[in-house]
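Protein chains: 4
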Amino acid sequence: MQTTTNKLKIFNDPIYGFITIPDSLIFDVIEHPIFQRLRRIQQMGLSSMVYPGAQHTRFHHALGCLHLMQKAIQTLRSKGIEISTKEEQALHLAILLHDIGHGPFSHALEQYIIEDQSHEDLSLALMNKLNLEFGGQLDVAIQIFTNQYPRKFLFQLISSQLDMDRLDYLKRDSFYTGVVEGSINSDRLIAMLHVKDDQLVVEEKGIYSIEKFLLSRRFMYWQVYLHKTGLLAEQILIKALQRAAELASYGENIPMGKSLQFFIDKSNLRETDLEVILNRFIDLDDIDILNAIKAWQYHDDFVLSELSKSIILRKLPRIELSEQKFTDEYLKALQTGTLQVFGVDESNLDYFLFQGKVKNRTYNAKYGPINILLKDGSVKEWLAFDGHFNSVSFTEPVVKYFVSYPKSLKL
Amino acid sequence: MQTTTNKLKIFNDPIYGFITIPDSLIFDVIEHPIFQRLRRIQQMGLSSMVYPGAQHTRFHHALGCLHLMQKAIQTLRSKGIEISTKEEQALHLAILLHDIGHGPFSHALEQYIIEDQSHEDLSLALMNKLNLEFGGQLDVAIQIFTNQYPRKFLFQLISSQLDMDRLDYLKRDSFYTGVVEGSINSDRLIAMLHVKDDQLVVEEKGIYSIEKFLLSRRFMYWQVYLHKTGLLAEQILIKALQRAAELASYGENIPMGKSLQFFIDKSNLRETDLEVILNRFIDLDDIDILNAIKAWQYHDDFVLSELSKSIILRKLPRIELSEQKFTDEYLKALQTGTLQVFGVDESNLDYFLFQGKVKNRTYNAKYGPINILLKDGSVKEWLAFDGHFNSVSFTEPVVKYFVSYPKSLKL
Amino acid sequence: MQTTTNKLKIFNDPIYGFITIPDSLIFDVIEHPIFQRLRRIQQMGLSSMVYPGAQHTRFHHALGCLHLMQKAIQTLRSKGIEISTKEEQALHLAILLHDIGHGPFSHALEQYIIEDQSHEDLSLALMNKLNLEFGGQLDVAIQIFTNQYPRKFLFQLISSQLDMDRLDYLKRDSFYTGVVEGSINSDRLIAMLHVKDDQLVVEEKGIYSIEKFLLSRRFMYWQVYLHKTGLLAEQILIKALQRAAELASYGENIPMGKSLQFFIDKSNLRETDLEVILNRFIDLDDIDILNAIKAWQYHDDFVLSELSKSIILRKLPRIELSEQKFTDEYLKALQTGTLQVFGVDESNLDYFLFQGKVKNRTYNAKYGPINILLKDGSVKEWLAFDGHFNSVSFTEPVVKYFVSYPKSLKL
Amino acid sequence: MQTTTNKLKIFNDPIYGFITIPDSLIFDVIEHPIFQRLRRIQQMGLSSMVYPGAQHTRFHHALGCLHLMQKAIQTLRSKGIEISTKEEQALHLAILLHDIGHGPFSHALEQYIIEDQSHEDLSLALMNKLNLEFGGQLDVAIQIFTNQYPRKFLFQLISSQLDMDRLDYLKRDSFYTGVVEGSINSDRLIAMLHVKDDQLVVEEKGIYSIEKFLLSRRFMYWQVYLHKTGLLAEQILIKALQRAAELASYGENIPMGKSLQFFIDKSNLRETDLEVILNRFIDLDDIDILNAIKAWQYHDDFVLSELSKSIILRKLPRIELSEQKFTDEYLKALQTGTLQVFGVDESNLDYFLFQGKVKNRTYNAKYGPINILLKDGSVKEWLAFDGHFNSVSFTEPVVKYFVSYPKSLKL
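Protein sequence lines, in the order shown, are assigned to chains A, B, C and D.
Sequential numbering from 1 applies to the first sequence in the numbering used here.
Sequential numbering from 1 applies to the second sequence in the numbering used here.
Sequential numbering from 1 applies to the third sequence in the numbering used here.
Sequential numbering from 1 applies to the fourth sequence in the numbering used here.
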């Protein structure tokens, strides 16, 4: 008799073809409102203002990670690494939920909303909440996620320079933006994974693939994630929220949903208990932000409406990106120009003229080394190879400075 | 000296690689708020509830159409068909704007919102509005769009069974859903276009390609566009809006944005002039609808909150799809069950138990015939070929009936 | 300790990414000269004269089949169908070797070379030969291949209307020719496989996918496999071999390799024992044929050199393809014209003027029915569904007639 | 009336979709036997022994280059660079024919066959031959090809670090091998081309794309073109030809075709005039080489048959690749081992134990600089940018040493 239940589901994926849900617990977690919320959070925030194809969601990315994790487990087992059924399920859960604490839009906005809590902390809090509901079935997943599980390589599959998260998001973001240069061969990278002394390692023949992977990531950072227009839109979004908070703190009526209102008033973060914050948090998604911005276009406050319009109508100010710091002289000239052109109060200057910096490291030891398994069985850090590229260029952060000012300003 | 201006822009597209903006008028039209609004309207409505990759927007689709139109013009010119620079620009404008009157979400919802006006009428009204702003530069585009331009094949490139709209949306929707079976070879179809006696025709060698194209379209209808879950979500969305309107008409406070409020109150459509309607319309997009639905989850009215939750939490009722009409007996049993299970008032029954039908024609002569240019120079309708498939199966509409009722109901 | 041996190999594949060799027996079979020979036999014969990308080999196709078989086994097991490790390996071997008896170039040429033996018979003979060498390890594979194994669905994975062979070759041939319309979703088809009463069945939700699959196959036949130019090139190749055989039988010196010489002389097929034939056969590949044709361009015999040149220089005669039989009158006129134009002996007329027919069935019950597993657990043949297409058009063979004659001939 | 002639042909291409033949002269050149010969020369030589998908031909690559050239011309014209119709056709011809002088298999084998003549010289000789036949219509193409045409950027489209040849072969080879990491975005690179002071330049926003392009090329070199197994197969092939020549020079009968025989006997290259050499050359392709190797498997000479078998049966000896030179000690040990294991004459040692080196430069100034057009209109060499990678690593050649010896040898 046919025993297929609805729970053995497959999802269509333009990248991997099909993504299979491995068991009914995973199915139930995906069906949970906390996970379904990820359908309303775009993976790449405002990058779609530059790359119109970049509309994919964190929901889809999380499923993609689940798929790659299944492949990684299969590969490691075929090489004789034992992974129990329990560990397997825990890995599936941990990778599926690794981003569950992401707020709407970008990391930058998130920091504004949740301030002193990282999205990893929120992910953990939400995983704990789910664990309660699912009667402890997420115990091992949480141990792995928090790196408290004895076998360390399991954590590295979730969080390291070669984790399944990166392997999916680089491939997926490259695919949807159409920036094919950023594409990575996640299949090949997974095929070369191995475990040695409880560490995730890469077989020696993969040293060029690692280099290629790191360079693709680097390319994506400068060409896409830190593209100046996307960066600018994100900054404007934060400015708009700051202005709304400022006006609200004076008692002005600023239209917005209840959950956004909750986070805009920073005092709430201090006063309430975690459960209340979490419940507000899981009600908050891209829709709330965009809806508020749409409404604020028509607000009486010039600053708020200008910032909001510049996003909705895509009439962004000018931004310059430079490898050198901008001179005080230049910034002073911009300041004078901005005050004259807009005729705004000096107190509002920061909304129309602002600067900052972005940086990225190609190889980031903060997430642990990438280790290579030599043919003789020994292990050596990838960076330590007689690389054909100066290793400093991989480990040193690249910093860029930006300044934004009104488009009508001519110096 | 370098004369590249920002206006000669290219867009990345995962499907075609790059989409080039041919001139500065087209650039300015794309930059216009009326067009930018399409960034906030998904091409496939709620289909992403079934196919998580289907997040692409009407903005991106319109750019895709522009790209195919450039190719079609190039092909026809290479075959000796003269198309003036003016006609070329008009074709670009007409295809870019052909969907400008689309409301948020699906056609179904649109019909609820704009009632007796088709989205083509609204597209025309918005094109006229733009034409005023651009000092008459859209005159020819509008003539072509309304089929008043003397050369009829230009209209057929915009609207026919082989128009650039279909060639892009089938390819794009297939790509983003990952339903590769629906993919069409738009390149080949365009390469075989020709013009004979002012009619768009397809060269004889293309008869199998036409068949394949029609069957791909048919596949997409039944597998994707009319997928029962997507269909259901759409019906629920309309029900929620109807309920909100009903409650609002009793004077209840139903949270929603001003533009949605405008359309919810049907009396507005009759009383105000077109300009007012248009201004409200171009402020309305997916964000407004989703934001309202999110808020309505928490409304006191059981019906409104149930319907809204079922979308946001993706807890949809059951739907059955059948090639036969459901019997009165069966429907009666469902009715009894629904009233008992939910214990709702009979007056609200229609919100929880409803039926309808969907249909699709593989070959739809309403949009004009597909004509084949034989090697001897004569023209013959595609359908008239000694087809290997019974032509009736192409022209006869396929009808399917659906009924939806609470999930907890067991018969 | 690292235990990876060279035998756990992966192959790069542009279509599936990676193809994994599941165990060392499979590895050794792939390394065997009998299998390596497939590297020198193109999958699509002379189709590359029409589609220049179609250069892929039977070697690559066989590996692709192996990959799909691994997926199919994984799917069926996940649905509770037990497949033992022994059966699994046998399925891998059987699908890998299903085409091992293919001769160089097309089926047509093959029939000329091996006459009364099908390539399936030769495949079996070669499998038996391998089985001897591998000490009986292919026993079960051979039982499955010859449909003598008790569990019948295993045979159907190797040979039926939905076997892994078709699922790979349609996808692969579509990919390499660039005829994207012929592409099938082998992932989805495999995901819907199930077993009921020892029969391979397809889950009900797959009925449209089956239709799409059959129509893609049909498209590939008429657009690619039976493309008139490819068909013609193949006919010319056979004619050249026939002419060479004819001349050789008169004692003329016709340069060619020893193995080709063996098969050209038909008396060899009757006189020698199978072992001798097999040894000659496995030495014969595309290289022998093309090399002979290249040499024959310079032969004194006008017929042989004309035919050979027309392939090497791609100066093919004219071919007409028609759904109706050509009239005697028309054929008579062609005959008169051909004799006059070429001034050849009437005895050689058949080399320059020839006709024939090709046919294809969309649904071919000869390979068993395609059965659908309904939601209630019952099984129904796909054809028996209230199809939207007349089922006759699926089961009735489509026949086309062709005639070829010199290009310079004008009627 | 329909005026489409057969000459306005399109080719299917899995990569670009369709490749259009722009005019009838180009069509006639493609139809010419000299060009048709490229159908029988694989682009990647013996790489298919490692990457089974790599079966594409130089014919297909040349068509791909033609396609990219059409795009490049379109881009440059859209930026205001005038290119006359005559220059356009010349560019098409020059890129189509840039590789026409390629011999069978790899560059390495080619050097053995044509010794002191580069394939560029042969390409030129063949272009001159064609020019005669086509009544001088290739005059401008030849001027551009030899860099004697006044406008220098036209030459750079044919031959430079960013020529259309590289843009196609990297994309194509990456595609067919399935080594997706090597894929480049030829569309983006072409979209950023410009001309300044008669030099081909890249717009400033392209500096990361250039880096990515160079690194992809570098990846393809080490992962694919110089893959140790492919490299080894190529060396063995050369050894086999050398052995055949050696034996032939002693008067032994070595079966092979006439044209190969011509090139094997080096005295022919000195004695005859160019026309004779060319006629032999255009008769020589992969088929001749493979056919000879197949036959030589059965030759009495142990060396010749061993070398030939190792290719046909893919039983290759061992190869080691190292960034350091092998020590004399190690090589001596290998020598002793090889003589003992094989028991061959010391005079034949070089056929079974040989070494060499390969090198590659990521950025090769020999082909001219890559120049970047800054926003202020000035030009700066790409290398001179404050690169994030040490520029030395780009310009310095990477050298690797290899040694090959019998597989049975264990040290």
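The set of hints was computed from the structure by calculation and includes no laboratory data.
All figures in this text were calculated on a predicted structure; none of them were measured in a lab.
Just so you know, not all the hints are guaranteed correct.
No copy is singled out in the list; a pair is fine if it fits within one copy or between any two copies.
Mimicking DSS-like on lysine-lysine, the simulated pairs with C-alpha atoms at most 27 Å apart in a straight line are [what the hints assert, rightly or not]:
#  : residue 1 : residue 2
1  : K325      : K205
2  : K357      : K375
3  : K309      : K325
4  : K228      : K375
5  : K129      : K86
6  : K410      : K228
7  : K9        : K71
8  : K86       : K71
9  : K258      : K309
10 : K315      : K79
11 : K228      : K315
Hint by hint, here is what the structure shows:
1. K325 to K205: Close across copies (20 Å), not inside one copy (41 Å); limit 27 Å.
2. K357 to K375: between (43 Å within a copy, 22 Å between copies)
3. K309 to K325: neither (29 Å within a copy, 50 Å between copies)
4. K228 to K375: between (44 Å within a copy, 16 Å between copies)
5. K129 to K86: Within one copy only: 20 Å inside a chain, 45 Å across chains, cut-off 27 Å.
6. K410 to K228: Answer is within; shortest intra-copy Cα gap is 19 Å, inter-copy 56 Å.
7. K9 to K71: Result: close both inside a copy and across copies, 17 Å intra and 16 Å inter.
8. K86 to K71: both (16 Å within a copy, 23 Å between copies)
9. K258 to K309: For K258 and K309, both the intra-copy (22 Å) and inter-copy (17 Å) Cα distances are at most 27 Å.
10. K315 to K79: Intra 55 Å, inter 25 Å, cutoff 27 Å: inter-copy only.
11. K228 to K315: Within. Shortest intra-copy distance 14 Å satisfies the 27 Å Cα cut-off; inter-copy 40 Å does not.
When held up to the earlier numbered hints, the structure conflicts with hint 3 and nothing else.
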